[in-house]
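S.K.: Letter by letter, the chains look like this.
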Amino acid sequence: MTISFDKAFGIHQYTIGVRSQRAEVLAGNIANADTPGYKAQDLDFSSALSQAQGLQSGTTELMRTNNQHLAGASAMSGTLKYRVPLQADTGDGNTVDLQQERSAFLENGLEYQTSLEFLNSKINGLLKALKGDQV
Amino acid sequence: MSLFRIFDVAGSAMSAQSVRLNTTASNLANADSVSSSVDETYRARRPVFAAMLQEAGSGQPGSEAVGVQVQGIVESDAPLLKEFNPNHPMADKDGFIYKPNVNPIEEMADMISASRSYQTNVQVADTAKQMLLQTLRLGKG
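Residue numbers (my numbering), protein chains in the order written: chain A, 1 to 135; chain B, 136 to 276.
Check each hint, because a few of them may be wrong.
[As the list claims (entries may be wrong)] Derived EDC-like pairs (lysine to aspartate or glutamate); straight-line CA-CA distance at most 20 Å:
no., chain 1, residue 1, chain 2, residue 2
1, B, K264, A, D6
2, A, K81, A, D44
3, B, K275, A, D133
4, B, K228, B, E175
5, A, K39, A, D92
6, B, K234, B, D261
7, B, K264, A, E111
8, B, K234, B, E175
9, A, K39, A, E117
10, B, K264, A, E107
11, A, K128, A, D6
12, B, K228, B, E218
13, A, K122, A, E111
14, B, K275, A, E117
15, B, K234, B, E218
[Unchecked claim] Chain A is nowhere near these chain B residues, computed Cβ spacing over 12 Å in every case:
no., residue
16, S137
17, S168
18, E175
19, L215
20, L216
21, K217
22, I240
[As the list claims (entries may be wrong)] These stretches of chain A come out as covered by chain B in the derived footprint (C-beta under 8 Å, 3 or more residues):
no., stretch
23, 28-41
24, 80-91
Derived by calculation from the structure, the hints in this document are not laboratory data. Note that the structure is a prediction, hence the values are computed from the model and not measured. A virtual CB, placed ideally from N, CA and C, is assigned to each residue, including glycine.
Make a model of the complete structure from these sequences and hints.
M.R.: Okay, structure coming up:
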């Protein structure tokens, strides 16, 4: 019997990637809180996750029939959406609500830690199975 | 690993906010610098922030977060304060002195806003650091 890490880690190996990507997008929003004309963005989590899973299994790569073809691996494009601003006009075209972004960043960080915890316990389970010396 | 990009993004925001703090400090320091002509008078300075466009080709797929850059510093064209004060050593031949168009109250509010934004970005970088450290400890128990 072989141990399939892909099966053992389940969905958490993908969620952690999407969470880190979301952290990056939210950090960009917070960084641009004072930039005129900047529009706040966020990840569409479910489509980003399904894309991440698709990418991992290699189904969304373009076929290359020639060595000179560019690798057409699909990025997370299309999953990034603009946030609907709570306040209609801030005067300078900026739609970042700092409080909203900060709490989203905090929430995302906690969710990232949760995914890490899940992965940790999966790894511990695997280690236990490998050692097999548990009394 | 896109968590590393957070340091770039937060760092760019921190440097932009510190430029903003610098201009505020300069404005407040020169709030009372009088001069004897319109051209020589200090004018309030403001940084212009712009979202940093991702360099083509260098970005990894899926890293869409954008940093901030200071596009330039502009001088306010609000009217200067012209004051009739013939006894002032800087007075021109008609007895006028010119004071900068710096509004100290506005500057103080701007200073607080800039330092709060700076703090927020430090916290973002700190959270990203903790997330990375926890990821590095993955599987170690």
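S.K.: For each hint given before, does the structure comply? Return the numbers of the non-compliant ones in rising order.
M.R.: 1, 6, 9, 16, 24
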